[in-house]
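Undergrad: Residue numbers (UniProt numbering), protein chains in the order written: chain A, 1 to 280; chain B, 1 to 280.
Treat each hint with caution, since some may be false.
Identical chains blur together in the list; that is why a pair holds if it fits in one copy or across any two.
Straight-line distance between alpha carbons at most 30 Å, and here's what the computed DSSO-like set of lysine-lysine pairs gives [claimed, not checked]:
#1 164 x 190
#2 161 x 190
#3 274 x 194
#4 251 x 194
Keep in mind that the hints were calculated from the coordinates and are not lab data.
2 protein chains.
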Amino acid sequence: MKYKRSERLVYMTQYLISKPNQLVPLTLFVERFNQAKSSISEDIRIIKDVFENDGIGNVQTTAGAGGGVTFHPKINIDRADEIVERFMGVLNAQDRLLPGGYLYMSDIMGDPVMMNDIGELITTMYGDEEIDAVVTVATKGISLANAVARKLNVPVAVIRKDNKVTEGSTVSVNYVSGSTRKIETMVLSKRTLKENSKVLVVDDFLRAGGSITGVIHLMEEFNAAVVGVSVLVEAKQVENRRFKDYTSLLKVSEIDEYNQSFLVEQGNCLEYIKNKSNKD
Amino acid sequence: MKYKRSERLVYMTQYLISKPNQLVPLTLFVERFNQAKSSISEDIRIIKDVFENDGIGNVQTTAGAGGGVTFHPKINIDRADEIVERFMGVLNAQDRLLPGGYLYMSDIMGDPVMMNDIGELITTMYGDEEIDAVVTVATKGISLANAVARKLNVPVAVIRKDNKVTEGSTVSVNYVSGSTRKIETMVLSKRTLKENSKVLVVDDFLRAGGSITGVIHLMEEFNAAVVGVSVLVEAKQVENRRFKDYTSLLKVSEIDEYNQSFLVEQGNCLEYIKNKSNKD
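Start from the sequences, fold in the hints, and give me the full structure.
TA: Structure follows, in C-alpha cells:
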C-alpha cells in the first residue's frame, strides 16, 4: 500500500507529539510507509518548521545509523505568558482563602488542561538541562510532577510523609515545617530513585520552604543533584528561605483573612524563559 | 500569508491530539489559516481517516453554527493487548514482592509512558460513557487518575486518608480496610466534586475491595453516580467483594512470600474492549 504525504504527516505528527523527548529512528517511518529515507526526511522538515514557527517545540534530527528525530516540547514566550495569566485569573478568587491563610488549590491541581499547559511551561524552562527524574512531595505535588515528567519523558519519584508498606525499604529525613514549626518526616522508597540522579523538584506551594529544604536534604541521601526547583505559587513576604534558586509561576502576598483578600502577582518564570531564549 | 495543506495538517493534528474530548470549532482553523471551510473540512477528513485506520482515535465532526471537530482517543484491540502484555512483563518481577505479600508498584505509577498508555486504554473502555470526573484515592492512584483524566478531559478528585487544612471543608466516611481489617477514614473536599456528578473510579491495586467500597459510600454522600471502577491490578482469590462490576488490567494470585513467587494473568479489560467494539 502507498501512503500520501498528507497521511504520513498526520501519522508522524501525532507520533512525535505523543513521544516527547524520545529519539524516534527514521527507519521506523521508512519501514511503516515503505518510503525512501529522503522523503521521510522531507516530511520531518515540514513538521519541524510548523512546530518551531508555532511555538510548539523543537524537532531535532540526528544523522547516522542510530540517527532519528526527537521532539522537544518548548512553548514561546507569548504562550507562556498566556498560561501564567490564565492561572492568575483562576487563582485570583476570594473564596480560595482558607482558615490559617492557606489557599485552596486542589481544583487547579486536578485540572488536566491546566496541569498539561503548566507542564509544558516548566519543561520549557528546564528542558535543556539533563534531568533523570522529577521529584515531588505527596499529595498535591503529584499531579504537577506527572504533567512535567510526561513532557520531559522521565520518571516521577514521590516523597511521602508517611511510611507505607507498599514502598519497600525507604530513606527518611526529618525537617522543620516552616509554617507550623513542627518537626516532620519525609520518606522516599530506595527503589524509586537511582543513586546519583539529576532531579527537578516541583511542588504546588512554597511557603517558608521547610518541605523543599527537606527534599533537598533527602536528595543528598540519594547523592542526587538538584538541577532546579519550580513551584506553582510562592508566598511573597517570606525571607529566610534555606535555598535561593527556584522558579515560580505566581506570587501571593498580603493575605488578609479578616477581609478575605490577598494579592496575586507573576512569579519569575517568564523572566527565566526570556533570559534563557536570549542566551540561546 | 498562505499555508500549504501539509502545514495545516501538521498544525491541526497536534492541536487535536493535545485537546482530547474537546469540541474545537472549525472557524478556529478557518480563521487561523484564512482558508475556506470546505478545505479545512477536507483536512479534517484526512486526519480522521489516519486516526481511525491507525487506531489512534475517532474524529467526530458536528455540523452547524456551533459545529466543530472533537478527537476521542480510542485505541484498537491490538494496541490494548500490547499495553497489557508490556505491563505484565514489567509487573512480573520477583523482586516486586514485599513483606506481607504486597507488590511494589511505585516505579510503574511513576512511569509517564506506561501511565499515558494505560490512560488511553482505560479511556477506550469508558470514553463513551458520560463522565464528569475521575475519582481516586491518594497516594498511588493519583498518577493513574491524571493519565485517564487527561484523555477524558475531565477533572480529577483525590480522596485523602488524612484531613489537610488546605482542603477546606470536607466530607468523610469510615471504612473497613479489607486487608488489615482496621477501621479507616477517607475524606474528600466538598469543592473538589460537584453534587450529582458521574464519576469513574480508578486505583492501582484491588485487594479485598475495602477502600473502593469506601469510595463508593463517599460518592453516595456527594450524590455521585459511579459509572465504572477500573484498577491496574487485582488480587485474584479474593471472593467477598462488596461490588462486582469493575475492570482490571492484570490479576495477581498465588502470592508465595516464602518462595518469593506469584502468578500474573490478564484481567478482564481486553474482553471488555472486545465486547464493546462488537456492540458498536
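Undergrad: Name the hints, by number, that the structure is in violation of.
TA: 3
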